[in-house]
Amino acid sequence: MTKTLNELTITEAARMLRAGECTVRELYDSCVHAAKEKNVVLNAYLELFAPDEVAIAEAQARIEKEGDAAPLLCGIPLAMKDNILIEGHIASAASKILSNYRATYDATITTKLKEAGALFIGRTNMDEFAMGSSTENSAFGPVRNPIDPTRVPGGSSGGSAAASAGHLCLGSFGTDTGGSIRQPAAHCGLVGLKPTYGAISRRGLIALGSSLDQAGPLAKSVRDAKVLFDAVRGHDPLDATTITDTTYPRKETLKSFRIGVPYHLLEKGLDPDVKDNFERTLKELEAEGHTLVEVSLPTSPYALAAYYVVQPAEASTNLARFDGIRYGTSKEGKDLLAGYLASRTEGFGPETKRRILLGTFVLSSGYIDAYYRKANAARQLLREEYDRAFEKVDVIASPTTPSPAFKFGEKSDPVSMYLEDIFTVSADLTGMPALSVPMGNVERDGISLPTGIHFTAPLGADDLLFTIGARVTKETL
Amino acid sequence: MVSVEDVRKLAALARIEFTDAELEKFAEQFEGILAYVSQLEDLKVSAKGEVVSPVRNVFREDGEPREKGTYTKKIVEQFPKKEGNALKVPQIISYD
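Just so you know, the sequences run in chain order A and B.
Note that the working numbering numbers the first sequence so that position 447 is 447, with each residue one more than the last.
Note that the working numbering numbers the second sequence so that position 51 is 51, with each residue one more than the last.
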C-alpha cells in the first residue's frame, strides 16, 4: 500500500522532495487537505493558517538549488502548539484570556525552523496553559484521539499529537512541563522527546512552570524526532537557562546499553498488558545484547507530590501577568481591581484557576516551608538519586503511562488526572532528557491502542535516547 | 483542613472571583489534592535545601538597544484601550 504524501515521515518526504517525486506545494496541500477533512472530528488545530506562498516557493527553490545540502526540514509542513509564538499569528495557549493575542515576535524555535525552511500549517489545540493530561481543559473544546475518537489523545500537547498521528502534518512541536509531550506521544503511537532542561530555548514560549518547561518534538519516527530536535537545539543569548555543549559532561555513543529498570515502581497501578509490553520490549533489548540492571529510586514515589507543589507555585506566579491591561481579554470594572478580577475570572478556565489557587496556597507565608521548600528539597534528592543510578546505567526505562488512552470524562477527579504523569514528572523535576517510543499495542473495547516505553538519560545526553529509541523501533539513524 | 473561607482568601490574593458554589467545590477538591501532596511530610530530607543548577536565570547587562519603534506598532495593536501610541489604563488613584 502506497502512502499518501501527508502520511510520509519527514525523512521520507525530504528524500522525495529532493528526487523531484513531489513538490513542496503538493506536500503542503496534502496535509491541509487531510487537516480540513479530519479536523472537524479531531479538533487538533485551533487554526489552519493561510498558506505562506512566499515561504513555499522559497523552500521549493532552495531544494532545487541546494539539493542534499538544503536542511532536511526545508519544505516540510509542521504544526505548532498554541503556546509557541509565531509572529503575526494568534497564540492563545488555548485560553480565553489570550484568545485575541497576536504574537509580536517569533519564538527562538520558530525562527530556527523558519531558517531551516520549515512551513507551519497551523496552531494546535492543548490544555489551557498546558495544564492537563487529556486536552479536556482547552477553552476551545477537547481534542480527539485519531486512533479512537472516543478517547483522549493525552495532553497537554494533545493537538500536536493528534495532528502528527492523524497525518494532518508531518511532525509537530509541543511543550512538556510534567509529561505533556511524552504522555500524548504514548497515547497516539508517536515518538515524543522532552529534551534536557535548557537544550532548547524557551524564549517565545508562553510560560507555565519556568524551571520545568521544555519544548520538544512529536514525530512519527525516532529519526524524525532527532531531525526536529537538532534543528532547534542550542544556546540562545535570549534565554539565560539554555545550555551549551560543555555545560554537562559528554557521553559517548554506545553500541550496547546498560538499561536501568526501577522494578520497585512497577509493582502496582500498572495495567497488566502494559506491563507485559514493557517486559517483552526489555527482553528483546536484552536479546540484542543490552544489559538490564535493577535500579532503586526511593524518592520517586514522592515525585508527583513534589511536582504538584512546584508547578502550581510557578504557574500562579507566571499567570499573575495576565491582568487585561496590556493585551488579551480585557473586562472593565469600576476601578483597577474590579477590572483585574473581571478579566481573570472570565479569562481563566477551572483547572487554571485551581492551580493558581493551589500555587497561591503553597507559597503563602504559613505554608511555604511545609510545601514549597520541602518539594524543592525532594527535587534535589531525586536528582541525586538519578545521578547515583547513572553511575551504573546509561538510561533508565519505565512505561510512559500506566494505561493506554482513556475515555473522555473518565478522570474527572483532579488527582486521578494528575496520576497520568506518575512516570514522566521526574524528568521535568530533575531536568533530565526523556523519550517516549511506541512499544506495542493493547486492546480496549475491541480497539488496538498504542503504549509507550520511556527512557531517561543523564543531563545533556539527549542523543543516547535516540540511539536506544531506534533499537526499539528497529530504525537505523 | 481547607475551609471555604481559606479558599475565598486565596482567591482574593490571586485576583479571581468565585461564586459560593464554586468556592465549596474548590475547597473539596483542595482537600483531595492536599491529601495527596501531604505525602511529602513523610519524606526525610537533609537540610541541604535548594536545587543548585548549572543554569539559572539572570538578567543581562543593559545595552545594545534596538532601534526605537521596532516593535511599537505591533505592541500598540495589542492594547485593549489606547490613545494614539499610549496605553490607556483605568484611574489608579481615587479621591473619595
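Derived by calculation from the structure, the hints in this document are not laboratory data.
Source: prediction; values computed, not measured.
Warning: the hint list may mix true and false statements.
Said to hold, decoys possible - Here chain B is said to cover these stretches of chain A; the calculated rule only asks that three of the stretch's residues, wherever they fall, bring their Cβ under 8 Å from a Cβ of chain B:
no., stretch
1, 7-19
2, 261-273
3, 390-397
Unchecked claim - Below, a list of computed lysine to aspartate or glutamate pairs in the EDC-like style, where the Cα atoms sit at most 20 Å apart:
no., chain 1, residue 1, chain 2, residue 2
4, B, Lys-81, A, Glu-384
5, B, Lys-81, A, Glu-294
6, B, Lys-68, A, Glu-87
7, B, Lys-44, A, Glu-384
8, B, Lys-44, A, Glu-385
9, B, Lys-74, A, Asp-68
10, B, Lys-74, A, Glu-294
11, A, Lys-112, A, Asp-68
12, B, Lys-44, A, Asp-369
13, B, Lys-82, A, Asp-323
14, B, Lys-44, A, Glu-475
15, B, Lys-81, A, Asp-323
16, B, Lys-25, A, Glu-332
17, B, Lys-88, A, Glu-87
18, B, Lys-73, A, Asp-106
19, B, Lys-68, A, Glu-475
20, A, Lys-411, B, Glu-28
21, A, Lys-392, A, Glu-294
22, B, Lys-88, A, Asp-323
23, B, Lys-88, A, Glu-384
24, A, Lys-331, B, Glu-28
Glycine included, every Cβ here is placed at the ideal spot set by N, Cα and C.
Any of the earlier hints contradicted here, and which numbers? 1, 2, 3, 4, 5, 9, 10, 14, 16, 17, 19, 23 and 24
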